[in-house]
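Undergrad: Protein chains in written order, with our numbering: chain G, 1 to 495; chain L, 1 to 1125.
It is possible that part of the hints are untrue.
In silico DSS-like pairs for lysine-lysine, Cα to Cα no more than 27 Å straight-line [claimed, not checked]: (1) L/K370 <-> L/K226; (2) L/K265 <-> L/K908; (3) L/K908 <-> G/K166; (4) G/K13 <-> L/K607; (5) G/K464 <-> L/K397.
According to the in silico footprint, chain L covers these stretches of chain G (three or more CB under 8 Å from chain L) [said to hold, decoys possible]: (6) 14-24; (7) 280-294.
Derived by calculation from the structure, the hints in this document are not laboratory data. Quick caveat: nothing in here was measured; it's all calculated off a predicted structure. Beta carbons are placed, not taken as given, at the ideal position from N, Cα and C, and that holds for glycine.
One letter stands for each residue in the lines below.
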Amino acid sequence: MLFIAIGLLSCSKFLNDKPQSSLTTGNAYSTATDIQNDLIGCYNIFYTDYYQWQNVLMSDLIADNAYLGGGGDAGFINLSSFNESPSNYNMELTWSQLYQGIARCNLVLGNIGAVTDPSMTAAMRTQITGEASFLRALHYFNLVKTWGGVPIELASNSVDPSVTHKPRSSEAQVYAQINADLYIAAADLQDSYGSAALTTVKATKGAANALLAKAWAQRSDRNYDSVLYYCNKVINSPAGYSLVPNYASLFDGSNYFNSEAIMLVNFIAGGPDANWGVELLLAPEDGWQKYCVPSHDLVNAFTAAKDTIRKNASIVFWNVDGNGNPIAWADANWNPCQDPTVSIPFNYKQKHPNGWSSGDDYYILRLADIILLRAEAENAKGLGAAAAADVNLIRARVKLAPISASLSQADMLTAILNERRLELAFEAHRWDDLRRTGQAISFMQGLNEYTYTCNGGVPSAPTKIAYNVDQYHLLLPIPEIEIQNDPALIQNPKY
Amino acid sequence: MMGKHHTGDFKCHNSLHGKLITIKLHKCMKHFKGDLLPDACYYEKILRIMKLSALFLFAAIIQTNAKGFSQSFFTINKSSYPIKKIIKEIENQSDYSIFYRQDQLDVNKKISIDVKNVSVDSLMKDVLAGQSLTFKVIGKVIVVKPVEENISDIIAPNEIIITGSVHSAAGNKSLQGVSIIEANTNNITITNESGNFKIKVKDQNAVLIFRYVGYKTTEVKVGNQKSVNIYLEEDIKALDQVIVVGYGTQKKKDLTGAVAVIGSKELEDRPNTQFGNSIEGKAAGVQVVRPSGQPDAGFSIIIRGVSSITSGSDPVYIVDGVQTFNTSEINPADIETISILKDASSAAIYGSSGANGVVLITTKHGKNQKTKVNFSTSVTSSQAWKKLPVLNSTQYKALMNEMGIGINWANFNANTNWQDLVFRNALTQNYNLSLTGGDENTQYYMSGSLVNQEGIVINNSVKRATFNLSLDHKVNNFLKVGTNISYDKWNDIHILENDRNGVIARLLTTTPVIGIWNTAYPNQYATSPVAPVDVENPVAAAYQPQNLLVNNRFHGHAYAELSLLPGLKFKSLLGIEHYNSIATSYQNTVQTIYGRAMNGISTEDDKNYDYWVSENTLNYTKKIKDHSFSVLAGFVASRINSREVYLYATGFGGNDAVQTVSAGTVQAVPSVNIVQESKASFIGRITYSFKDKYLLTSNIRRDGSGQFPAQNRWQTFPSFSLGWRLSQEDFMKSATWINDLKIRGGWGLVGNDNANPYAHYGLISVSSSYAMGGVITNGYSPTTQENNDLKWEVTGQTNIGFDLTMLNNRVTITSDYYVKKTTGLLLQVPIPASVGIPGNTALENAGSIQNKGFEFQIATKNIVKKDFEWNSDFNFYINKGKVLDIVGTTIYSGQIAPSNDYYTAIVKAGLPLGSFYGKFSQGVDPKTGMMKFLQGTNGDSLGVIGHAAPKFSYGVTNTFRYKSFTLGIFLQGVEGNQIFNATRILSEAMSIGENQSAAVLNRWQKPGDITSIPKSTQNDLSNVYPSSRFIENGAYLRVKSVTLSYTLPQSLMSKVKVTRASLYVTAENLLTFTKYSGFDPEVSAFSNASASQSNSNTDKNTAPGVDYGTYPQSRDIIVGLKLTF
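Can you make the complete structure from the sequences, with help from the hints?
TA: Quick look at the structure:
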């Protein structure tokens, strides 16, 4: 035994324990295949909370499209009632996951230059650089519009406090970084990749241009010339984007790889790449109340617009759950005493929760969004007729009467905003739209929304919901824990 | 060893000559003190013999390298040398003691002798040549006697045959190997395995002397008695107790470190299914944490405070020299002793991972005796000792209506108290059977046990079967081999606790208006009619999912021990532990909401690990005049290879007949995790003592761990300790009330490499796939940050203490003071999330923690009478821990629902671990009914609201024996600690449609109400944000165990061939004195480390004392029987 042991030790490798079920930084960025897999890992961040469901809450729920519903999660209760706390775990999660997405891109971009594998062609290098740059820009865009100027991390390879304790950059600096990445992406990426399935899923030139348009629109020093410029690049792209004729088919679960999708998050039902977010947004399947109940205001907006096509594609009214049992909860806004004859609306943009394992996709960038964004830019530039024409493109598809080309600029903006609301409900745009157009506070304060309680089966008188929105609520507080771990950060005002 | 042919019964050696002669002293050791007989030194010699033979038994058990027992060959070259000196020489060269009478052996006779490597037989023949004497070797004793000229056949007319038995007074155990000497003769016998003896004495005036190591010598005058039954009292002086230390043993008197010993007495005193119970409250400085009352929860031990934040804080458990990673599977009935190495100087020999202390478990081994069969069985009935008041259905409905979520209650007329349905009278059966025996060369111990234990919550149970075999064999004079194998099988059904949706929390929060089953769908469990409607009732939670664990553990070793030269031994040991566990769960497709939604959920978690260790030690002991020393040098290498496979599937198509993962239609990607951890060490130890007065122990260990990058792999851990036995000094001789006094002091370093596997690598996961256009495509993503500077965490500890035995050995005191400082903590340092590493931490050597403490232990023999005895043990300890530095960061831990930002504990420089965190409650505002919190600059102030660490902990044991009855009462308690009753955050929230504690009947209802309970607030949790409102006094005094046992009379037993039989009844947790309002004050919701390692370690180390739907300890009544054949 002694000799065995000494034999083992004399072999200096005895203590050299090496991971067998993981790669390491030493061997995960070496070959062309490695880098391709690392890039897939960048896309994999789309399977975390922000891109699966929290983005909907952080937009449609904060704004006027939805009530929280159930779940009882204090983080979202606070989010929906403008009582946001820096210690909100859900927001901390979003912050962390977006930066994890950035880190994955940083590591690809930081390591690709050193790959000497001859099978790494120049074309591959360009393509991968473009995709990683696009994804990094997308995450920074989601960060900056939520929190304002955030720290810019472009390496993610150190734990040295003198490196990692970064101060916040200004909003303009973050947008400059986003633009820099997107310029690279737009230059490096292709218009399409042979099949619609790949073109809609991978980053493309069209996606980079679309994000450039959205970024120029969303920043506080917005530039509608640039918005117009990049929207046109998308709309006139050689990729040949076009609105699909049937709005409902966009969300029926079987037509995601379509001509209107510029980029989407792709899922496959029943496996590791499935979408569990649908179950959290469409409650009834498994019989407990979850998040994001369409508001009276949204339902009324559809009704007022006589927009049955988009209403039916976006909202469903049910009084039974997925098993055919009566819905087992009271809804404080729609059915306070749990009357089994009353139907409650649900977010129906994705229709197949499939037991937390959905194959339904989410659109990140969709042509209708860009067309309406162009309308907004045209209107801002005084091109009312062009704006109306764009809006009417969207309306015609859903069999709605055209709007007049002679609306005032303000009315046109209202019309565009309403159109966006109905077209893009529950696609995580509403709060951005309201903030971008400076209408967030007035819209929220003008809402007439009510809750009800129930006493022994008798509904109470309505209680009006007070939305105490202030200017500072337009940015969320930086997560408390992040401020503790990065003392160089300064909190947003009033938090 | 020679003398093989002398085994078997030690027959009486009568001597007719004896009655005429007075024995003279052959040698008198002057340090020997105590209640000696007039012929003290003569008997002292015997006592020494007996000690040695007892030591020999011990040695067989522990394969110690104490003094060279197997020395058997003599080399003596003397001419014209007195026999006296030759005898001395023989004794010096070996462990033989030579026993003779001066009137028979002319010790001054000069003889010449020149032998080389001869056996004792041959040597003694030479020595006694020419004298009409012969000798007999009995174990290690050589008895010189006249050549038996048929004298054994001659019986003097007045000779009497006395029979009898010898038992221990305490515990009433029969004692084997007690020597019985007829005074003033060399007539001697020993008791057999049943404690019985038979001796012929000269007449009625004969006096019998009973001698047994560790017991007081007792004299009995024969008189008219034909039968003498003796109860020997334990000799309180336990200085010669042999204590298992790292890679060897030491006598208690020689110890210079802080070692707590749990002996078989403590183990027998608490007839339990897990050995943690036997340690609890018995050893100062050793905290046994039972995280839960679930039978499968096991226990964890904290020695001298937690000295880690994000790494493991459990001690190393070594069973018979081989580390084990599973303590629950060990059958306590198989344990002989447990040594707990508390300070650095004793633990340093286990340098790596010894930072948290070392628990050495020695299992029972065979003895040189006729086969002895032990059978024991017990039946336990367990109940919840406390139920908590909750709202009944009328009160509940009123609250719901008040909160505005009161539906039409017409169809909900039940009034269910869930505690009545879920807590049960649980039954446990325990069976143990062991055989032990052997001869001089081969000894064995084998045992089997079965435990079938129910938890006090329905469906919760454990079944355990163990098998243990140990075999020691002396091949020849220089080679000894042995093996020990144990195999355990364990099955349990686990229930979810420490969770908002766990069974215990749901007992309090499930609406009383429903029954177990849904009235409309009788195959579905009923759920609440008001939100949250998705949470199952506690009966459902206990059965769905069904969590099964089956594990198999094989632990064993084989060793060979070579005696190379006198005092020099080489030992090589190969140990292994193989462990395989399969945890499965299945939630069926019908009964629960989630099960229906997923159409059945099946999981399987298969863990396999193989551990091997090779230990090779060389040990040399030598005594030269007043100098005794021993040297140990060795080499140890070990490796763990583990593999875990996790499978998950849903979609079972409505047929619950097949529940394996493969039957699911929706399969998750299996996760496979392979880990290899290697260690290698060079160890060394020197012990030295001068005149038994000045003692020194020094360890050095050089450790290599594969956990660290190549340049930081090796680290040296030294330790030194000194002891001074003041009582041996002349100036102390006058203090006769002191029997022994030793001052000890030591310092040492120990290391810790207990981080996540492959800690220094930047790990990249290979399972980050993406549906690239409808096709699952492989992807990589980073999971940890690389750290090539990672190195050993080092704990330095200074210990000073004393051991005092006084008042005629009736009082024994041990006390220690220590300062323990861990630096270069293996800490998951929080880093900004903007770095983008999952978990937002990076493992670094950062920060330091200090623990200081005081320990005091006293054992007294209050009354020692033949029929009545009263002994007490008391221990008491204080540990003060403090985080000195964690590189300026703050760690929050112990996260609880209902909100993800609810933490219960904070870790920050300057604070002790276990600092509760939250808002400072200032009562209920009589105007608004809302809680008022102390205001800071930025809204509600947040800070430290309480401490989990007790100011002190104590344990008291009193044992009373009256004749054959023994009553043991064990009390244990903690003082000055607090409990974070986070269960109340759920049961007093009044924010959703859950049932609540009856405390909310006092809620604020209208302006002006003065109360401590705020108003109900639908969907508003601000009143139950973690705050000082939920901090409660956690002090308790618990009557942990009361045992009454009765040993059946020998006379009755001998008729049925039973050597010993005893019956006992034990009550565990009989009474609990506490102000704590929850189910049980022994809580630690986060001590059940199960989830991902780093997170659970952090919670376990930093958020103790949190009650969050934690399974309470039960009150047990145990009735048992023990039989020895």
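Undergrad: All hints are to be evaluated individually against the structure, with a verdict given for each.
TA: Results for each hint:
no.: 1; hint: L/K370 <-> L/K226; in the structure: holds (26 Å)
no.: 2; hint: L/K265 <-> L/K908; in the structure: violated (42 Å)
no.: 3; hint: L/K908 <-> G/K166; in the structure: holds (22 Å)
no.: 4; hint: G/K13 <-> L/K607; in the structure: holds (26 Å)
no.: 5; hint: G/K464 <-> L/K397; in the structure: holds (25 Å)
no.: 6; hint: 14-24; in the structure: holds (count 11)
no.: 7; hint: 280-294; in the structure: holds (count 5)
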